[in-house]
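Residues per chain, in single letters:
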Amino acid sequence: DTGVSQDPRHKITKRGQNVTFRCDPISEHNRLYWYRQTLGQGPEFLTYFQNEAQLEKSRLLSDRFSAERPKGSFSTLEIQRTEQGDSAMYLCASSPIMTGLTYNSPLHFGNGTRLTVT
Amino acid sequence: RKEVEQDPGPFNVPEGATVAFNCTYSNSASQSFFWYRQDCRKEPKLLMSVYSSGNEDGRFTAQLNRASQYISLLIRDSKLSDSATYLCVVNKGVGNFNKFYFGSGTKLNVKP
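Those sequence lines, one after another, are chains A and B.
Each residue of the first sequence is one higher than the one before, starting from 277 at the first, in my numbering.
Each residue of the second sequence is one higher than the one before, starting from 277 at the first, in my numbering.
Honestly, the hints are just simulated from the structure, not real lab data.
Careful: at least some of the hints might be erroneous.
To be verified - List time: in silico DMTMM-like cross-link candidates among lysine to aspartate or glutamate, alpha-carbon distance up to 20 Å:
(1) Lys368/B x Glu344/A
(2) Lys321/B x Asp362/A
(3) Lys387/B x Glu291/B
(4) Lys333/A x Glu354/A
(5) Lys375/B x Asp283/A
(6) Lys387/B x Asp353/B
(7) Lys318/B x Asp362/A
(8) Lys368/B x Glu320/A
(9) Lys383/B x Glu320/A
(10) Lys287/A x Glu304/A
(11) Lys278/B x Glu320/A
(12) Lys347/A x Glu304/A
(13) Lys321/B x Asp283/A
(14) Lys290/A x Asp362/A
(15) Lys347/A x Glu359/A
(16) Lys347/A x Asp300/A
(17) Lys318/B x Asp300/A
(18) Lys318/B x Glu320/A
(19) Lys387/B x Asp315/B
(20) Lys387/B x Asp358/B
(21) Lys321/B x Glu332/B
(22) Lys321/B x Glu320/A
(23) Lys375/B x Glu344/A
(24) Lys321/B x Asp300/A
(25) Lys278/B x Glu332/A
(26) Lys321/B x Glu328/A
(27) Lys318/B x Glu359/A
(28) Lys375/B x Glu332/A
(29) Lys383/B x Asp353/B
(30) Lys355/B x Asp333/B
(31) Lys333/A x Glu279/B
Unchecked claim - Quick list of the computed label-pair ranges, beta carbon to beta carbon:
(32) Asn327/A x Asn303/B: 18 to 28 Å
(33) Leu315/A x Tyr346/B: 18 to 28 Å
(34) Leu356/B x Ile302/A: 25 to 35 Å
(35) Ile373/A x Leu356/B: 31 to 41 Å
As the list claims (entries may be wrong) - Covered stretches of chain A (in silico footprint by chain B; criterion: 3 or more residues with CB under 8 Å from a CB of chain B, positions within the stretch not fixed):
(36) 312-323
(37) 380-394
Source: prediction; values computed, not measured.
Glycine included, C-beta positions come from ideal geometry on N, C-alpha and C.
Could you put the whole structure together from the sequences, leaning on the hints where they help?
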């Protein structure tokens, strides 16, 4: 399977603990995105990488959240001192860079990591 | 104002019906447009891209109206398996600045 892969699929943690999620994008995709989704809402942008560079981070994201993509391949998203409000589905997506075109390629999503903070 | 707005529904339709969803976007500089389908507790999956001239994929037709800044999705001959949430997605991509904005989704229930 050469799709986007996320690990773990589910994570239950106690408030105050740190958690880390991993995303492996489609191998030839330069762009990698993290989104968060809660029930009844569309995915909410968290951050975006182009290769290893983190180009944008949502201002909705507190300092407890950090993401890395050290070699421009897989990415990790860490949440420190988790709060109950962090409970959500965390989605990773990737897309290639399309040069010479006036439109952009769509996002390809992984299965997501469902986080429950108790 | 949200970047992308959708009617949350739900749209409850019988099998075989035709149903249409609209979506409006706020930024006229938006470049690329998509419809995604999301089943309950699953990840979004691309249904179709939306091109300026309009495009069709089987029972699904997408239209883009740049002047009025809205996108539509038409589903003909609805199937039970079409029951899902449909997400409208708008992309603004200029060089390294490339973000995708999602609507909250429109829920479709197709009934026997």
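Here is what the structure says about each hint:
Our distance criterion of 20 Å between C-alpha atoms is broken by Lys368/B and Glu344/A, whose separation comes to about 23 Å. With a CA separation close to 24 Å, the supplied pair Lys321/B and Asp362/A exceeds the 20 Å bound. Restraint check for Lys387/B and Glu291/B: satisfied, since their Cα atoms lie roughly 6 Å apart, inside the 20 Å limit. For the hint linking Lys333/A to Glu354/A, the alpha-carbon distance of about 14 Å falls within 20 Å, and the restraint holds.
Note on Lys375/B and Asp283/A: the hinted pairing is violated, with a Cα-Cα distance of about 24 Å set against a maximum of 20 Å. The hinted pair formed by Lys387/B and Asp353/B meets the criterion: a straight-line CA distance of about 12 Å does not exceed 20 Å. With a CA separation close to 18 Å, the supplied pair Lys318/B and Asp362/A stays within the 20 Å bound. For the given pair, Lys368/B sits about 15 Å from Glu320/A by alpha-carbon distance, which is consistent with the 20 Å threshold.
Restraint check for Lys383/B and Glu320/A: satisfied, since their Cα atoms lie roughly 18 Å apart, inside the 20 Å limit. Distance check on the hinted pair: Lys287/A and Glu304/A sit about 28 Å apart at the alpha-carbon level, beyond 20 Å; violated. For the proposed pair Lys278/B and Glu320/A, the alpha carbon gap of about 12 Å is at most 20 Å, so the pair holds. With a CA separation close to 13 Å, the supplied pair Lys347/A and Glu304/A stays within the 20 Å bound.
Proximity of Lys321/B to Asp283/A is assessed by CA-CA distance (about 18 Å); at most 20 Å being required, the pair is judged to hold. A C-alpha spacing of about 11 Å is found between Lys290/A and Asp362/A, which places the hinted pair at or below 20 Å, so the restraint holds. Taken as a hint, the Lys347/A and Glu359/A pair is broken in the structure, with Cα atoms around 30 Å apart against an allowance of 20 Å. In summary, the hint linking Lys347/A to Asp300/A is supported, as the alpha carbons are separated by about 12 Å, within the 20 Å threshold.
Of the pairs offered as hints, the one joining Lys318/B and Asp300/A holds, with about 18 Å between alpha carbons and a cut-off of 20 Å not exceeded. Note on Lys318/B and Glu320/A: the hinted pairing holds, with a Cα-Cα distance of about 15 Å set against a maximum of 20 Å. Taking the CA atoms of Lys387/B and Asp315/B, the gap is near 16 Å; set against the 20 Å cutoff, the hint holds. The suggested pairing of Lys387/B with Asp358/B holds, with an alpha-carbon distance near 10 Å, which does not exceed 20 Å.
For the hint pairing Lys321/B with Glu332/B, the CA-to-CA distance comes to about 17 Å; that is within 20 Å, so the pair holds. Between Lys321/B and Glu320/A, the direct Cα distance comes to roughly 16 Å. Compliance with the 20 Å bound is thereby established for this hinted pair. Between Lys375/B and Glu344/A the alpha-carbon distance is near 18 Å, which keeps this suggested pair within the 20 Å criterion. Restraint check for Lys321/B and Asp300/A: satisfied, since their Cα atoms lie roughly 17 Å apart, inside the 20 Å limit.
Among the hinted pairs, Lys278/B with Glu332/A is consistent with the structure: their alpha-carbon atoms are about 19 Å apart, no more than 20 Å. Annotation: proposed proximity of Lys321/B to Glu328/A is violated, straight-line Cα distance about 25 Å (limit 20 Å). Of the supplied pair hints, the one linking Lys318/B and Glu359/A is violated, its CA atoms being roughly 23 Å apart against a limit of 20 Å. For the given pair, Lys375/B sits about 9 Å from Glu332/A by alpha-carbon distance, which is consistent with the 20 Å threshold.
Taking the CA atoms of Lys383/B and Asp353/B, the gap is near 17 Å; set against the 20 Å cutoff, the hint holds. For the suggested pair Lys355/B and Asp333/B, the alpha carbons sit about 15 Å apart, so the restraint of at most 20 Å is met. Taking the CA atoms of Lys333/A and Glu279/B, the gap is about 17 Å. The hint holds against a cut of 20 Å. In this structure the supplied range 18 to 28 Å holds for Asn327/A paired with Asn303/B, their Cβ-Cβ distance being about 26 Å.
Remark: the range hint 18 to 28 Å for Leu315/A to Tyr346/B is upheld by a beta-carbon distance near 26 Å. Range check, Leu356/B to Ile302/A: about 31 Å between beta-carbon atoms, so the 25 to 35 Å window is met. Evaluation of the 31 to 41 Å hint for Ile373/A and Leu356/B yields a pass: the beta carbon distance comes to about 39 Å. Remark: the region 312-323 of chain A is confirmed as covered by chain B, as 6 of its residues place a Cβ nearer than 8 Å to a Cβ of that chain, reaching the required three.
Coverage of the region 380-394 of chain A by chain B holds. Counting CB-CB distances below 8 Å, 9 residues qualify, and the rule asks for three or more.
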